[in-house]
Each structure stands twice: as structure tokens, then as C-alpha cells.
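K.L.:
Sequences listed follow chains A and B, in order.
Numbering-wise, our numbering puts 14 at position 14 of the first sequence, and it's gapless, one number per residue.
Numbering-wise, our numbering puts 49 at position 49 of the second sequence, and it's gapless, one number per residue.
Hints were generated in silico from the structure; no laboratory data involved.
Computed from a prediction, not measured in an experiment: that's the story for all the values here.
Any given hint might turn out to be false.
[As the list claims (entries may be wrong)] Taking CB as the label site, the calculated pair distances span: (1) Gly84/A x Leu48/B: 56 to 62 Å; (2) Leu56/A x Thr125/B: 45 to 51 Å; (3) Asn153/A x Met1/B: 37 to 43 Å; (4) Leu56/A x Leu48/B: 46 to 52 Å; (5) Ile85/A x Leu202/B: 36 to 42 Å; (6) Ile206/B x Val184/A: 37 to 43 Å; (7) Ile5/B x Ala55/A: 26 to 32 Å; (8) Lys220/B x Val29/A: 32 to 38 Å; (9) Ile118/A x Leu218/B: 26 to 32 Å; (10) Ile108/A x Leu213/B: 46 to 52 Å; (11) Ser94/B x Ile118/A: 30 to 36 Å; (12) Glu185/B x Pro149/A: 39 to 45 Å; (13) Leu48/B x Val184/A: 39 to 45 Å; (14) Phe209/B x Val184/A: 38 to 44 Å.
For every residue, glycine included, the Cβ atom is placed at its ideal position computed from N, Cα and C.
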Amino acid sequence: MNYRFQFGVVWDNFGALLEGALLTFQLGVIAFGGGAIIGLICATLKTYGPWPVRALVNTYVVFITNTPALIQIYFLFFGLPEVGIRWSNEACLLIGLTLNAGAYLTMILRAGFLSVRITELEAGQTLGMSLIQQVRYIIVPHIAKSIYPALANFFIVVLVMGTSVGALIGVDELTGQAINLSAVNYRWLEYFTVVAGMYVVLTLVASIGLALLGRWAFRVKARIF
Amino acid sequence: MERIIEQLPRFFSGPNMLLLLEAAGLTLGMTIVGCLIGFALAFVLVFLRQTPGLIWFPLRLICILYVEVFRRIPFIVVVYLVLFFIQTVTPNASLFTIAVIAICLYAVAYTADIIRGGLESVPQTQVEAAQVMNLSRLQINLMVVLPQAWPVIIPPAIAFAVSFIKDTALVSQVGVFELAFRGKELNNQGFSGILVFGTIALCYFILSFPLSLLGQHLEKRLATPRGQRRSR
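So here's chain A without its partners, still in its complex pose (with noise of 0.2 Å):
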């Protein structure tokens, strides 16, 4: 094997790289954010709903997290053309995120719900609370340390494995731009390396700010690694 790494057109385009990261940042927030709204919605209409919704809602967490995100985004950016919606790539990645995340949180936030315990809800309305001080002093308390690491994990994942999907519509968040820049020199060994340390110090810091933030917030001792 005689190659000879050279990163230093890697150098050269590094500002290009950062501003992937940060889209890719913005990507990551925005979907999990929507998600996040999504599934809320979602996993309280499973708890509470009457059954139509119920299993409505149950197709869909079902479909979506049983088919890859890539095939959903092509979907959205090959299929709904067809019928006259056009959107732009990252939009195309960002509602395909979204709707993919929000199936995910379904789950997550909807295992949260059924961990408060009805005793505890009782204890609650013995001590005279109204329903805005339970939610507020024994339901979000619970539900916060018991899926606050799952959320944190997902977000994760979100940020990696979602956002990268977008490489492959041309989106320019950090995959794409990487394949974008090292299709023009060829440098795909030199520049994927940077890319791949790029993506550990994102996630490193996305995940000690979670840490940190449950912590503070919540007082869960989520782990960083």
C-alpha cells in the first residue's frame, strides 16, 4: 500500500467542513425539536385517545419505524413531485427527519408516561394538588429522569444518523459537503478522517451539554459515555 495521506487540502477547505457542521448542528435541533412536538402529541393521544386515533397513531409509529429514513426522504423528494409538491432539499430532509423522529419519540415519551404510577397520582390529589401542580411537581419530574437518557441517546442519533441521510440529496450539511469538496481532488480517505473527528467532537459536545443540562435541570445523572 503506497498512498500517501495529504491532508492539507483538507485545511484549505475547512471552513467549508465547519459550516457543514453547523448546518448539520441546525438540522439535528430543528428535527428533534419538531419530533419531539410530534411525539408528545402522539404518545398522549395513544395513552388517552379514544381507539380510531389510537390506532391511528399505531400505524404510524409502526410504518415509519419499520422503513429506513432514507426511503422515507426519497419518498418526499422523488414521489411527491409527482402530485405537484415541490420542496427544496433540506426541507425534503428536514420534514422527513421530523416525521421520522417524531415516530421515535412516540415511543420514548410514551414508555415515560406509563412509568407514573397511579398510587402517585392519588398521593397527589390526596395532598390536595390540581391537575396543573401534578403535572407540574410528579408527572414531568418522573417522566424527565426516567427518558431523559433515552432522549439524550436519540438525539444522538438524530444528529448523526439523521442528519447525514441528507448527503444523498444533496443537502450540504457535513457529509454532503465532504463529498461534495473531496469529489473535486479526490482526497475521499484524507477528507472522510476529518470528517469522521468532526462528527466525535460535535457529538462529544452535544452530549456533555445534555449531560450537564439534565443535571441542572432535572437532576438525572445522564452519562456521557
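Chain A is already provided as a structure; the job is to place chain B on it using the hints.
P.N.:
Relative to the frame of chain A, chain B by itself:
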């Protein structure tokens, strides 16, 4: 809409269906081979991580770093790295081999964590008792810890493999003829995107759904009620 209906007979023709069946087989085969090899290697990794003493510290550090790094890199980046690395070493390697290697590398990192969790769920007293009986480290792992750890390891390992069926769609980018690749090819041939990707999604669903049900069933079967573990 009428375009889709008009294309239906042409799309669901024999050769096309054969193509999709073959692609589905490739997707499944790739996942199974990659995850099985990855699972076996993950055991080696976990055992290496257990080595005692200061001399083996670098080895332990490498194992820990490997797991931590690969869990934080997107699969597509691993695929590209493996593709271009293997092609500089042996230019004639088949794309299937490259895909399997990439899946393997990724599966090792994820299943190593699952296995470690399983081994740690066995009470330490069991290990101590085995040490008193003068069993070697390998014997302790094989005869005492593993038999008790299987119920904790198997369900999440299967869940990982099943979820990885979907992630292998990304391998289409380097040109392995699996489901996502065939889907894009059919779409390029002029078939309606809604029809093609709907069908492909359905194929993935058919592959993934029964297996995920099996995983959930196993999880329920093998899960021991809390508190029962210790007394066994």
C-alpha cells in the same frame, strides 16, 4: 395519479419483481452476515476490555475508544472510509465485501456495549464464587457469566440487527445492488417515484416488521421479573 395506474402492470412485471426479491435477499444477507461477524468480534472486544493489569491498559483504551468513536460517526461516513481504504489496499474487492466490512465495524461498536451491559448484569458474587473455585477467566466467562447473561444480551442484540436492516439502505450510495439502490434505478427508468419508493418501503417493512415482533416476543419471554435475578 393516472400515470401511476397506467404504469402498474409494467412495474409489477416478473423481471422487476425478481429484481426486488434479489435486492431484498441481498439487504437481508448483508445485514445478517455483517451483524453475526460483528457480534462475534464484539465478544472478543469485551473480553479484551476485561483484561487486568497495567500492561494491558493500552489495549483496554483502544477497545473503549473504538466503541466510543464508532458510535459517534454516521454509518455513511464509515461506508465511505471503508470503501476508499479497501480500494487502495486491494482494488478488486467486491462491493458486497466492502458493505459487509462496514456493517461489521459498526455492529461491533454497538453490540459490544450491549454485551458489556449483559455481562455486568450478572451479580459480582457469582464471579467471586467462581474465582474461589479456581476457574480461569475464560472459564468464568464461558461457564458462569455468559449462561446467565444471554437473556439480557439477546433481545437488544436482535433489536439492533433488525434496526440495522434499515440503516443498510445507506450502502446503496456506493453501488451495492440492494433495495434502496434498485429503487433509485427503477425511478431513473421513469417509473413514478411514489409507486417505486412506496413499494420499496413496503419491502423493508415486510423484512423488518416480523423480525421486530420476534424481538419483542423474545424480550418478553426472556425478561425476568425484577428481584428474581439475584435469587437464581
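K.L.:
Take a look at whether the Cβ-Cβ distance between Ile108/A and Leu213/B falls inside 46 to 52 Å.
P.N.:
Violated - the Cβ-Cβ distance for Ile108/A and Leu213/B, about 19 Å, lies outside 46 to 52 Å.
K.L.:
Taking the CB of Glu185/B and the CB of Pro149/A, does the distance hold inside 39 to 45 Å?
P.N.:
Holds, since Glu185/B and Pro149/A (Cβ atoms, about 41 Å apart) stay within the stated range.
K.L.:
Is the distance from the Cβ of Lys220/B to the Cβ of Val29/A consistent with 32 to 38 Å?
P.N.:
Because 35 Å falls inside the window, the suggested range holds.
K.L.:
When you take the CB atoms of Ile85/A and Leu202/B, is the distance between them in 36 to 42 Å?
P.N.:
This hint is violated: roughly 21 Å between Cβ atoms.
K.L.:
Are Ser94/B and Ile118/A spaced within 30 to 36 Å by their CB atoms?
P.N.:
violated (58 Å)
K.L.:
Please test the hint of 56 to 62 Å on the beta carbon pair from Gly84/A and Leu48/B.
P.N.:
holds (57 Å)
K.L.:
Taking 46 to 52 Å as the hint, is the beta-carbon distance of Leu56/A and Leu48/B inside that range?
P.N.:
With Cβ atoms ~48 Å apart, the hint holds.
K.L.:
Starting from the hint 45 to 51 Å, judge whether the C-beta atoms of Leu56/A and Thr125/B obey it.
P.N.:
holds (49 Å)
K.L.:
Quick one: are Ile118/A and Leu218/B within 26 to 32 Å, going by C-beta?
P.N.:
holds (29 Å)
K.L.:
Given the hint of 38 to 44 Å, is the C-beta distance from Phe209/B to Val184/A inside that range or not?
P.N.:
holds (42 Å)
K.L.:
Could one say that the CB atoms of Ile206/B and Val184/A fall in the range 37 to 43 Å?
P.N.:
holds (41 Å)
K.L.:
39 to 45 Å was suggested as the range; check whether the CB atoms of Leu48/B and Val184/A agree with it.
P.N.:
Holds: the Cβ-Cβ distance is about 40 Å, inside 39 to 45 Å.
Comparing the model with each numbered hint stated earlier shows that hints 5, 10, 11 do not hold.
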